[in-house]
Structures are given as structure tokens and as C-alpha cells.
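Residue numbers in the sequence shown follow our numbering, run continuously in steps of one, and reach 230 at the last position.
Treat the hints with caution; some may be incorrect.
As the list claims (entries may be wrong) - Listed next, the in silico DSBU-like pairs over lysine-lysine satisfying Cα-Cα at most 30 Å (straight line): (1) 87 x 114; (2) 171 x 87; (3) 171 x 114; (4) 87 x 128.
As the list claims (entries may be wrong) - The calculated label-pair distances, taken between Cβ atoms and stated as ranges, are: (5) 29 x 72: 39 to 49 Å; (6) 164 x 50: 42 to 52 Å; (7) 16 x 64: 14 to 24 Å; (8) 64 x 109: 36 to 46 Å; (9) 172 x 27: 40 to 50 Å; (10) 29 x 164: 39 to 49 Å; (11) 64 x 164: 44 to 54 Å; (12) 206 x 13: 25 to 35 Å; (13) 69 x 134: 35 to 45 Å; (14) 220 x 192: 13 to 23 Å; (15) 46 x 222: 34 to 44 Å.
Everything labelled a hint here was simulated from the structure, so no lab data went into it. On a predicted model such as this, the values are computed, not experimentally measured, just so you know. Note that CB positions come from ideal geometry on N, CA and C, so glycine has one too.
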Amino acid sequence: PNPPAPNASLTASTYHVFPAFADGTVSDGSYFRSTLMISNPSSSGTNTCTLQLRGLTVPGFAQTPYQLQPNGFVIAPTPATQSLKVGYATLQCTANVEAQLLYSYYSSNGTKLAEAAVFSSPPSTKVQILADTREGAQIGIGIANDSDVQNTYIISVDDGSGTVAGTVKGTLGPRTSIARYLSELMTLPPNYVGRVTVSPATGTGTSSIIGLRYSGTVFATIPETIQP
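I would like the entire structure built from these sequences, with the hints used as guidance.
So, in C-alpha cells, the structure goes:
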């Protein structure tokens, strides 16, 4: 296939899925905030984008359509004034936009402890993230079923050479999501390094996923990759 044009974006789209959207405080007073960032790449056309939250509501966070002028942008943080809620989000726009979600974690006194941004995760039949649990790291995974039908997924962890460390099945209803530590889903050997693959049990159906690698209070995002 021909390569994309030099100024063509591989991440711009009219539809974006963010498999994990978090807002609110936990029991020790620390809190999570999600910041939606949208950029209109057009220098001549306006754009209208609508955010849809699934599985959670965020009081005080405007979800009315965002109106973007040519080369305009939106940066919209959640207020983090409720107890922690986690779901997923979709963004529908009238023309291509660049969109990212910024995850931020704060101590109870408002000191920022960690922050990482992620692009959206296009739905696909077979997707994966890479997992590195060395140095005591925890791997979190968010899975969204952004479809109108229930799907059962196989979550499989392997070392890339055919050795499977663990497999589990899970079912998600239409337009729902789940967020778990990998250690909550299966038991892995210490300091495990491998890949986590999510695919439909029936051979049909799609999912969107995102990974987070936690080292203490610090975390980094692990984007999905689409597999053939």
C-alpha cells in the first residue's frame, strides 16, 4: 500500500472511543481527573463534537456539543468532586478531529502525583497491550464494548512465543465497560513480561482497550494495538 501523505494524520477521526474515563475521589482523599482534549485540524471548516459518557455521570462537567472554530481546540477537565466513578466515553464529531484524554492523579492536598495522556482506541476484533510487571508494577486494563450487542471476550496473556500464562473469559453488555488490574483477573508469574490479547469468544464482535502501568502512585498509559 502507498504511504500516507506527508501531512496526513493517522489519529484524526470523526469518532473516538476512550475505554476508561475516571473522575472522583478514593477513600484516602486522593482523586482522579480526566481531561478531554480536542483539536480541529481544519483551517477553514468549523466542527461540532458531542461527548457521550457511558457507565458514569460527572456532575459539573458540561457534555453539551463542543463548537470548534477553524484550528480551534477544547480542553475540558472533570471537576473530581464526587466519589470515584469509572466508565468509558465516546466522541462523535461532524468532521475529523484529533482527540486525546489526559488522566491525572492527585494527593488529598491537591499535589499532582501522576499524569499521562492517551489517544482514542478504535474498536477492533482482536486487540492487545503489552504488559511488564517487573519492579513490582501493576497492569490495569480497561475494556469497552461500544456496540449494541452483548459480547463475551477471551482475555489471554502470553509471552509471544506460544506459552500462555493465563486465560479468562468475561462478558460485557451493550455499551458497557470494565476496568481491572490484570492481577484481579488471573495469577501471573512474578516479574512477568508479555502481551495481553482481547478477542471475542465467538469470532465476531469488537472491543476497545487501554492499559495503565502503575509503579506505586506513578502510572503510564499503554495504547492498544490492533492485531490481524
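How the hints compare with the structure:
1. Between residue 87 and residue 114, the direct Cα distance comes to roughly 19 Å. Compliance with the 30 Å bound is thereby established for this hinted pair.
2. With a C-alpha separation of about 24 Å, the suggested pairing of residue 171 with residue 87 holds against the 30 Å cut-off.
3. Proximity of residue 171 to residue 114 is assessed by CA-CA distance (about 36 Å); at most 30 Å being required, the pair is judged violated.
4. At most 30 Å may separate the alpha-carbon atoms for a hinted pair to count; residue 87 and residue 128 meet this at roughly 27 Å.
5. The beta-carbon spacing between residue 29 and residue 72, approximately 46 Å, falls within the hinted interval of 39 to 49 Å.
6. The given range of 42 to 52 Å is respected by residue 164 and residue 50, whose C-beta atoms sit roughly 48 Å from each other.
7. Against the hinted window of 14 to 24 Å, the Cβ-Cβ separation of residue 16 and residue 64 comes to about 21 Å, which satisfies the hint.
8. Distance hint check for residue 64 and residue 109: the Cβ-Cβ separation is about 26 Å, which falls outside the suggested range of 36 to 46 Å.
9. In this structure the hint that residue 172 and residue 27 lie 40 to 50 Å apart at CB is violated, the actual value being about 27 Å.
10. Remark: the range hint 39 to 49 Å for residue 29 to residue 164 is upheld by a beta-carbon distance near 42 Å.
11. The supplied range of 44 to 54 Å is met by residue 64 and residue 164, whose beta-carbon atoms lie about 49 Å from each other.
12. About 26 Å separates the C-beta atoms of residue 206 and residue 13, a value consistent with the hinted range of 25 to 35 Å.
13. A hinted range of 35 to 45 Å holds for the C-beta pair residue 69 and residue 134, which are about 41 Å apart.
14. Separation of residue 220 from residue 192 is about 20 Å and conforms to the stated range, judged on CB atoms against 13 to 23 Å.
15. In this structure the supplied range 34 to 44 Å holds for residue 46 paired with residue 222, their Cβ-Cβ distance being about 37 Å.
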